[in-house]
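**Q** From first to last, the protein sequence lines are chains A and B. So the numbering used here is basically just the index in the first sequence, starting at one, shifted up by 155. So the numbering used here is basically just the index in the second sequence, starting at one, shifted up by 1.
No lab work stands behind these hints, which were simulated from the structure alone. There may be inaccurate statements among the hints.
Stated by the list, open to error - Calculated from the model, a selection of chain B residues having no Cβ within reach of chain A, i.e. all distances over 10 Å: (1) Glu-31; (2) Asp-62; (3) Trp-111; (4) Arg-137.
Unchecked claim - Listed below are the simulated DSBU-like cross-link pairs for lysine-lysine, each with C-alpha atoms no more than 35 Å apart in a straight line: (5) B:Lys-26 x B:Lys-142; (6) B:Lys-142 x A:Lys-288; (7) B:Lys-142 x A:Lys-296.
Just so it is clear, the structure is predicted and the values come from calculations on it, not from any experiment. The C-beta atom is built at its ideal place from N, Cα and C for all residues, glycine as well.
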Amino acid sequence: MRTKIIITLVGLFLAGCAAETVNIDVVNDEGKAVMELDYRDFAQAASEMIQSMISSGALKKPGGGRYVMTTARVTNDTMQRIDTDQLMAKIEEELLNSGQVVMTSAVGGRGAPDEMIYEMRDIRDSATGDEFKQETLAGKKTLIAPELSIAGKIFQRNIRYDRNRQQVEYYFQLMITDLTTGLRFWQKESIIGKRGSNRSVAW
Amino acid sequence: MKTITNILLVALAFTFTACDQPAEKIHIREGIRSDDLASNIVTRPVAHAFSALIGEGIEIDEAILMNNDSGFLELNINGHNRSYNTKRFRYKIEWLDANGLMIQTKTSTWLPASAMGKSSFSLKAVAPRVEAVDFRMDTKKWE
């Protein structure tokens, strides 16, 4: 009986101590920095990349108009499970909104970003295609090939700073290549460094 | 009491002497350059303490807006750090359209900046939309 009371009291005590869940103010987050990459780091890296791309003039198409761009492979070489779309979605959104480029969903480093493009073509070429009005189905040779490609990688270096602290460096590297000539139009590296306890694990 | 007042007055004079110098193209820092009246082994600790006491910090000298070749608005901010210590801060630039409405962009996020003691610094930002005609900027302490 006594044991049950103690267990109940300990349980109640621990429940009372549990950290309260709160929503993060993602606009003005006053939270402490963490050793891993968090959304603020991606927002910072994306902002630096976008501003550099736009101010470089590399996306200004000679003769006017917009470049057709695709996202090639952006590799995650960190020790963390990162979906690189966390960075690229922001960049793609801003480049589209800038009016300088149009992104293609037909090809990409990880396959077509929108598989429906090819599924509809498979339907067109199958017996099911007869169920559709032929003029509403995409014809052959209608896709537009990308002119520019954006590729890069994110990698991490862990360095022992002193007995109690470690330094973690995250490198964001992106480049834009002209797919016709293979020439590189733009390139940037953005570094985010963190220094903290050895006990924090950055993966 | 009179001695303390005199020390404070001397420190004040040294601080203002050091602050009112125009931004130099080549900045040789204390400890490397030759000492002067406002910065020698005797007066340096007093001047530093007084600077901290009156809470010297970042000041913005000018904000230059111009359109780049692609038609995007570019902002160049020049400022200086009056304090003797490095000031780390974050800033956020929001872009405004012709109606004064804020343009939602991913670039309007808190970005880090840093200015070493008694040094000038520059910040550069580019509006990612051609609709931007003006800006507003906010700062906060580096957490």
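**Q** Hint by hint, say whether it matches the structure.
**A** So, going through the hints one by one against the coordinates:
{"no.": "1", "hint": "Glu-31", "in the structure": "holds, 26 Å"}
{"no.": "2", "hint": "Asp-62", "in the structure": "holds, 22 Å"}
{"no.": "3", "hint": "Trp-111", "in the structure": "violated, 7 Å"}
{"no.": "4", "hint": "Arg-137", "in the structure": "holds, 15 Å"}
{"no.": "5", "hint": "B:Lys-26 x B:Lys-142", "in the structure": "holds, 28 Å"}
{"no.": "6", "hint": "B:Lys-142 x A:Lys-288", "in the structure": "violated, 61 Å"}
{"no.": "7", "hint": "B:Lys-142 x A:Lys-296", "in the structure": "violated, 55 Å"}
This entry does not satisfy hints 3, 6, 7, going by the numbered hints stated previously.
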